[in-house]
Every structure is written in C-alpha cells, then in structure tokens.
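As they're listed, the protein sequences go chains A and B. Read in order, the letters of the first sequence correspond to residues 1 to 109 in this note's numbering. Read in order, the letters of the second sequence correspond to residues 1 to 112 in this note's numbering.
What the hints contain is simulated information worked out from the structure, not anything from laboratory work. Worth double-checking, as some hints may not be accurate.
Stated by the list, open to error - Chain A regions said to be covered by chain B (calculated; three or more residues, Cβ under 8 Å): (1) 36 to 43; (2) 52 to 59; (3) 86 to 99.
Glycine included, each C-beta is placed from N, C-alpha and C at the ideal position.
So you can see what is in the structure, the chains are spelled out below.
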Amino acid sequence: GQNIDQPTEMTATEGAIVQINCTYQTSGFNGLFWYQQHAGEAPTFLSYNVLDGLEEKGRFSSFLSRSKGYSYLLLKELQMKDSASYLCAVSASDYKLSFGAGTTVTVRA
Amino acid sequence: IAGITQAPTSQILAAGRRMTLRCTQDMRHNAMYWYRQDLGLGLRLIHYSNTAGTTGKGEVPDGYSVSRANTDDFPLTLASAVPSQTSVYFCASSDSEVNEQFFGPGTRLTVL
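Bound conformation, chain A alone:
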C-alpha cells in the first residue's frame, strides 16, 4: 500500500507564511498533487510536481524531492480565505492517486 503523511492541523496569522510538509512512500512515482478543500466543498487542484524543485504559482508554491520522498506546499501572504484543508496526493506506478489525510490550516486575524 501507499503511505502518505502530513500534519493534521496548522494555525497561522493573516499575512504570514505557512509551509505544509508531506512525506510519502509509494510503489513507483508519477507525480505529486496538492489540492485545496474548503469545508463542505469539493477538492480543487492547486499544483503538480513530477520533477525535483520548486513550482511557483502566485502566492502558492510547491516543492518536490523525489530522492527524499518529500514535498511541501508554501502559502504566502495568508488570507482568511486560505483557511481550508490541503491534501497531498501521490500518483503511484498505476497512476492512481493516493491521498494523505489532509492538513487543516486555520488563518487567524
């Protein structure tokens, strides 16, 4: 089976930076996805990494190290609307996504 770990909860202040870590052990690797999920809503795609390095997209960046089985999602200039769960998902050798349990980020004023 696949093993994907991420912290359960994180709290940060509006305007600050938060880094959500994700470690994984999977059978093969075909990319890592980050999704955002607001309470009661569907997950929505944030980023995709398949090669090592940093991918930047506005206030959000995602980093991947395949040799370490490690990724992080960086949220900058936090806004209240960023309060949500962030899901790390790995595409393994069969191309099916395995999801972590999600990290709930709470942004305080």
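The hints should help you fit chain B onto chain A, whose structure is shown.
Relative to chain A, chain B alone:
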C-alpha cells in the same frame, strides 16, 4: 456550464437498501473515479474507469459496483447498504491518468 454533477446531494438510507449515486461530466474526460472521504482517513479510491466500457477496483471496492456505458456517466451502486458506508462520496474525472482530477460537489450518505 462545464463540470461534474452528482446526485443526490445527500441521502439517508436504511441498512440493506440498494442505492445508486449518480455522476455526470460534460468535459469529455476519459477517466472517471469514485472516492469516499472519511474523517481522519482522507480520500480513498473505490472504483475507477480509464475509458468508457472499462472499470477497475480501487483501494476499497467491497460493497460497491460501477458501470461506464458512455463517456459522461459513471454511477456507483451500493447493492445492500451497511452503516460503515456512511461517508461523503466524491466523483472525479480527468482527461488522462496523468493529469489533474476535477471533483464533483459530493454526496453525503448516511446509512442507518
């Protein structure tokens, strides 16, 4: 409006009853998926279909069945519901296995 729709939005079901959750997408995506989401466990794949006419089992397929008669529709059937199937069910689609998945709004199912 392009996207994925699911029906019903929510349902309370007596144990032992048969139930079909509907999923329709209009993006002409080849691949479709069914997940269940439970607190503390994250999203788990139930069944998938890489293209119309084919289906496969995911991580937690027992008690569920699917069909893919055409590109747009991917219904999930619970033949005889049990309380452990109480969950939020999400349907998703992607234009290929390697690309991002788009999720429907979900169905909240309670089995009593």
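Here is what the structure says about each hint:
Counting residues of the region 36 to 43 of chain A whose C-beta sits closer than 8 Å to any C-beta of chain B gives 3, which meets the bar of three, so the coverage hint holds. Counting residues of the region 52 to 59 of chain A whose beta-carbon sits less than 8 Å from any beta-carbon of chain B gives 0, not enough to reach three: the coverage restraint is violated. Closer than 8 Å: that is the beta-carbon criterion, and the region 86 to 99 of chain A has 8 residues meeting it against chain B, so the requirement of 3 holds.
Checked against the numbered hints given earlier, the structure breaks only hint 2 and satisfies all the rest.
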